[in-house]
Structure formats: C-alpha cells, structure tokens
Amino acid sequence: MLLNGEYILQEHAVPDKNYATNLSLMHPDITLEMLMARYQAGDFAAATALIDRISPQLYRLFLGQIVSRLDADDLLQETWLRVHRVRHTYRPGEPVLPWFYAIARHVRVDHYRKAIRTTSREQRLEEVSELAAMAPEQIGKSDDLDALLAPLSESQREVLQMLKVAGMSLEEVARATSSTVGSVKQKVHRAYEKLRETMNAMGLRKGPSEEKS
Amino acid sequence: MRDGDIDELLKNAADQLPQVKPALLKSVADAIQPSLRPVRPLPPTWVLTGGVFLIYATVALAGAARAGFNGFAKMDLLERALIFSTLSILAWLAGTEFVHEMIPGSRGRISAEGMLALGSVALLAVFAALFHDYHTEHFVSAGLICLAVGVVHAIPAALLSWWILRRGFAVNPQSAGLVAGTIGGLAGVALLELHCPNFQAMHILIWHIAVLLVSAALGALIGRAQRRHIKALRHLA
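Chains as they are written, first to last, in my numbering: chain U, 1 to 213; chain P, 1 to 237.
The hints are simulated quantities; they were obtained by calculation from the structure and are not laboratory data. Please note that a few of the clues may not be correct.
Claimed, not checked - Straight-line alpha carbon distances no greater than 25 Å define the calculated DSS-like cross-link-like pairs of lysine-lysine that follow:
1. P:K21 x P:K11
2. U:K185 x P:K21
3. U:K164 x P:K11
4. U:K164 x U:K194
With these hints in hand, go ahead and build the complete structure from the sequences.
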C-alpha cells in the first residue's frame, strides 16, 4: 500500500527518508489501525509512530491510577514489551485502542498485585484516605487527577479515564475491560454520582452551565 | 455541579499530568527494534471457534466410539434432537467466548462465569424436561463412574482447545481456563449422553452436570496456577 509518506518524501525532497516517513506516519489521517497493520508487517517507522501516539495516553492511564512517575515509566515499558510479544493477536479491522488498553490493564493489574504483596495494606489505605480527604481548594487549584478520582473505586476510575480522558467510546471501553456496554454505563453513572456528591460536599463552585440554569 | 463541569475538571486535571519523557519512548523503540519482524495475525473468530467446536465433537464421538453408543441408541428422536442441539449451541457459544478470552480487547457477549451458568442451567432445564424417572439405583457408585469418565474426556478436549488458541494471549488466565474447562466439560457431557444408558433423572441431573462444573473448576484452577507459574519464571529470568 502506498502511503502519504512516500509522496511527502518526493514533494519536499527531505534528505532523511526515515525522518520523512516518521513525520507522515504521525499525521492524524493515518489511523492507529493502519499503523498497527504496518507494525505487524515489521515496519519500524510504523512501530515508532505507534509508540509516539499511544504512549502518552497509556502513561496518563497509569498516572491516574495513583502510581508514581517511576512506576508509570516501568509500566509503560512493560506494556510495550508485552504488546510487542503478542502483536499478532491484534486482528486487522478491529479497533486498536481497546486492544492496547486491555494489555495495559493486564500489566497494571500484575503490578498492583505485586505492590499489594510488597507494601503493607494499611499504608496504602492511609495514602488513599489522605487523598480523599484533600481540601476542596487543593483539588480546585491543583487540578490533580489523583485527588479528583480518589473517592472512586479502582474500576470506576479506570472506566472514567478511558472514556473521558482517553476519549474512547463506550463500546471500546467495554472491549478493553472485558465487560458489557451496560456495565460500563452503570460504572460511569455511579462514578459521576460519587464525584458530584464529593464535590458538592466539599463546596466546589457550580459550573457556568448550572449557574445559567 | 453538572456532568459537563466534571468532564471539564477531569480534562484539565489530565492535561496537567506529567508528560512521558521522549528518552523513554526512544528506549522502548530501541528495545523492540532487534526483534521486529513480520507476524501473521490470528485468523477470524469463526475459524478459531470452528476449530474448538471440532475438538469438542471429535473428543465426544471418539470417546463414544470406544465405549459404545448405548445412550444414543436408547434415546428417542426428540431426546436426541433436544440434547445434542443444546450441547452443540453451548459448545459453539463457549468456543466464541474462549476466543474472546484469548484475544485482548475483543468483543465478548457473555462472561466466563456467565457461560458456565448458562450451560449448567440450559442442561438442567433440558434434562429435567426430558427425564422423569426419579427412582435411584447405585446412585453414588454409578455416578462416580460417569463423573470420572466425563472428566477424563474433558481434560484432552480442554487441552486441545487451548492448543488451538496457543498463539492467543489471555489477559485473564483464570477466566480463560474456566471457559476452556467449560468446553472440555461440554465434550464430557456429550460423551456421556452418547454412551450412558442410565436415564434416571437424578443420575443425569447431578452426575452428568457435575462433569461440566468440575471441569470448569479445574480449568480455572489451572489458569490461575499458570499465571503464577509464568510470573515465577519471569522472576527467575
């Protein structure tokens, strides 16, 4: 298949072929599914473009699960190694994001279980309750995702991040979490209820949309 | 506070998260480059499900061919049609679910536990509707033999199903094991229906369905153990 990258190379006569190909592969018109198919075909430029485009989203997912930056680095690396090992399990035509998120989720669950074994449970609970008990002005000003999501359960946090931060559809989230669309909707609904309750209790100001009504 | 306000807060908070370091991305790319070669994607779901279904049918028929089709010969047409069509539909559904368990991010219609519950309830309903002889004779001794024969045939069916999907990747090995065990269990039940001439309702309702439950439980346990085994190997490496 002839991709835009080759035309760009001719038009602009960029001396470094890899550079031109990489740039064109980062173009939003080149879908993640197309890149994944080329990655499966052994195209390194496509693999690099995928890494550049998907890693920030996965990194946010890990950081939003109350893990340290160092842990997030490890988890991202581990996820890509796992993705590389099982890249043949992606089937062309299927949405690629749920496939990545399902593997990232698996890596995170492994990490979480390991952390539970090594860290005392009391300490973790203390940390979580500290976050949950943060003052409203701290949340409002710092816009800290950890603090915002702290009152939620692990699964609610995960679903909300995929849906609202990564911008995935309900169907994609259901695929990534091996659940049904109905179950995802229910989790999101409960998460919003809990967040609204927490924020109202903390006395956060109403948004402009509500002020108007 | 409205949903839109919460969305905005979430988006703002996510935007303020630290960015991934370019050096990390480069190290990831460098790590995968040496082993980057073309790979063949897995075949479509129906092909894999077909393979699993073929294993289910082959194990059941091969076992019955060896032990005898005594049960099948004793059944009337309605019993044959209802029992084997139910078993086939359940085996196909379980096969689809197994494929879903072995491919990350694929669309699943029912959970592993749901599949087992559906299989058990459907078989209970069919057996209860067809067999009404509630007289029991050699209940435990005959039952244990059927259970053993069923599970002995369920194991190769589950292992062969796993072999068909060996290139897959189970994000939840316990669930995948549970479904593989369910497929094996269905093969075991199918074999018993073909072979076992004991039509006492309690015998079929309890011991034949126990094959499905025991196989699924074994599958889940093996899946769970496999996860730990893989972790231990990684730790050693």
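Hint check results:
1. With a C-alpha separation of about 21 Å, the suggested pair P:K21 and P:K11 falls inside the 25 Å cut-off, and the hint holds.
2. For the given pair, U:K185 sits about 34 Å from P:K21 by alpha-carbon distance, which is inconsistent with the 25 Å threshold.
3. A C-alpha spacing of about 7 Å is found between U:K164 and P:K11, which places the hinted pair at or below 25 Å, so the restraint holds.
4. Restraint check for U:K164 and U:K194: the C-alpha separation of about 16 Å stays at or below 25 Å, so the hint holds.
The structure shown violates just one earlier hint, number 2.
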